[in-house]
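Student: Make the full structure from the sequences, and use the hints.
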Amino acid sequence: AQSVTQLDSHVSVSEGTPVLLRCNYSSSYSPSLFWYVQHPNKGLQLLLKYTSAATLVKGINGFEAEFKKSETSFHLTKPSAHMSDAAEYFCVVSGMDSSASKIIFGSGTRLSIRP
Amino acid sequence: DAMVIQNPRYQVTQFGKPVTLSCSQTLNHNVMYWYQQKSSQAPKLLFHYYDKDFNNEADTPDNFQSRRPNTSFCFLDIRSPGLGDAAMYLCATSRGAGTTYEQYFGPGTRLTVT
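In the order they appear, the protein sequences are chains B and R. The first sequence begins at 5 in my numbering and counts up by one. The second sequence begins at 17 in my numbering and counts up by one.
The set of hints was computed from the structure by calculation and includes no laboratory data. Hints may contain errors.
[To be verified] Below, a list of computed lysine-lysine pairs in the DSS-like style, where the Cα atoms sit at most 25 Å apart:
#1 B:Lys106 <-> B:Lys72
#2 R:Lys33 <-> R:Lys60
#3 B:Lys53 <-> B:Lys72
#4 B:Lys53 <-> B:Lys73
#5 R:Lys60 <-> B:Lys46
#6 R:Lys54 <-> B:Lys46
#7 R:Lys54 <-> R:Lys33
#8 R:Lys68 <-> B:Lys106
#9 B:Lys106 <-> R:Lys60
#10 B:Lys72 <-> B:Lys62
#11 B:Lys62 <-> B:Lys46
#12 B:Lys106 <-> B:Lys46
#13 B:Lys73 <-> B:Lys62
#14 B:Lys106 <-> B:Lys53
#15 B:Lys106 <-> R:Lys54
#16 B:Lys106 <-> B:Lys73
#17 R:Lys60 <-> B:Lys53
Tutor: Pasting the structure below:
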């Protein structure tokens, strides 16, 4: 069975400081992993994805994530936070479950940016 | 620009009065999804279509139905909305149903039930 855990429901950082949003997953097979961002009252937008190629994945808006199989983690980072990064972030795992592909969303992390 | 469009953005309906939400896409993607998202929660998959092949999630209530008359359009029908069905409804598409395909989301329709 697959699962995904976002370890922090809320993260608050100061503008210009690094961002770390944590995600751990469980999957019986080699999964694909995604990070999506959702601004208030908007749909979700893909930030980046991992699909068994390079383990360090670069995404849009300066975000990147590293797939660590030994730690079953896929944490999202950004070197310097901007006010426009304030949003909800979802880690998503997609893998095979009983011969069908299955998409599992994490519970989300709300990122707040302090001026 | 290719995109996923949802109409209306805000919908108010009365308790028990059927309502239909619509989604269209210009991406020519094979798969279309409907999600329900309640406040401060992750999106919950209701069902998806791979072409015309309908796939219902096991815990999706019978009150929710869907139609996909062609590649571009998909509809969500709520037959008898209850107060608990008030939520944001998100439509998404993907090129395929395999595990590597990312989803493209519409802006959502916020449903209020009075």
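Student: Now, for every hint given, state plainly whether the structure supports it.
Tutor: For each hint, the structure was consulted:
no.	hint	in the structure
1	B:Lys106 <-> B:Lys72	holds, 21 Å
2	R:Lys33 <-> R:Lys60	holds, 23 Å
3	B:Lys53 <-> B:Lys72	holds, 14 Å
4	B:Lys53 <-> B:Lys73	holds, 15 Å
5	R:Lys60 <-> B:Lys46	holds, 16 Å
6	R:Lys54 <-> B:Lys46	holds, 13 Å
7	R:Lys54 <-> R:Lys33	holds, 20 Å
8	R:Lys68 <-> B:Lys106	holds, 19 Å
9	B:Lys106 <-> R:Lys60	holds, 12 Å
10	B:Lys72 <-> B:Lys62	holds, 15 Å
11	B:Lys62 <-> B:Lys46	holds, 23 Å
12	B:Lys106 <-> B:Lys46	holds, 24 Å
13	B:Lys73 <-> B:Lys62	holds, 17 Å
14	B:Lys106 <-> B:Lys53	holds, 16 Å
15	B:Lys106 <-> R:Lys54	holds, 21 Å
16	B:Lys106 <-> B:Lys73	holds, 19 Å
17	R:Lys60 <-> B:Lys53	holds, 20 Å
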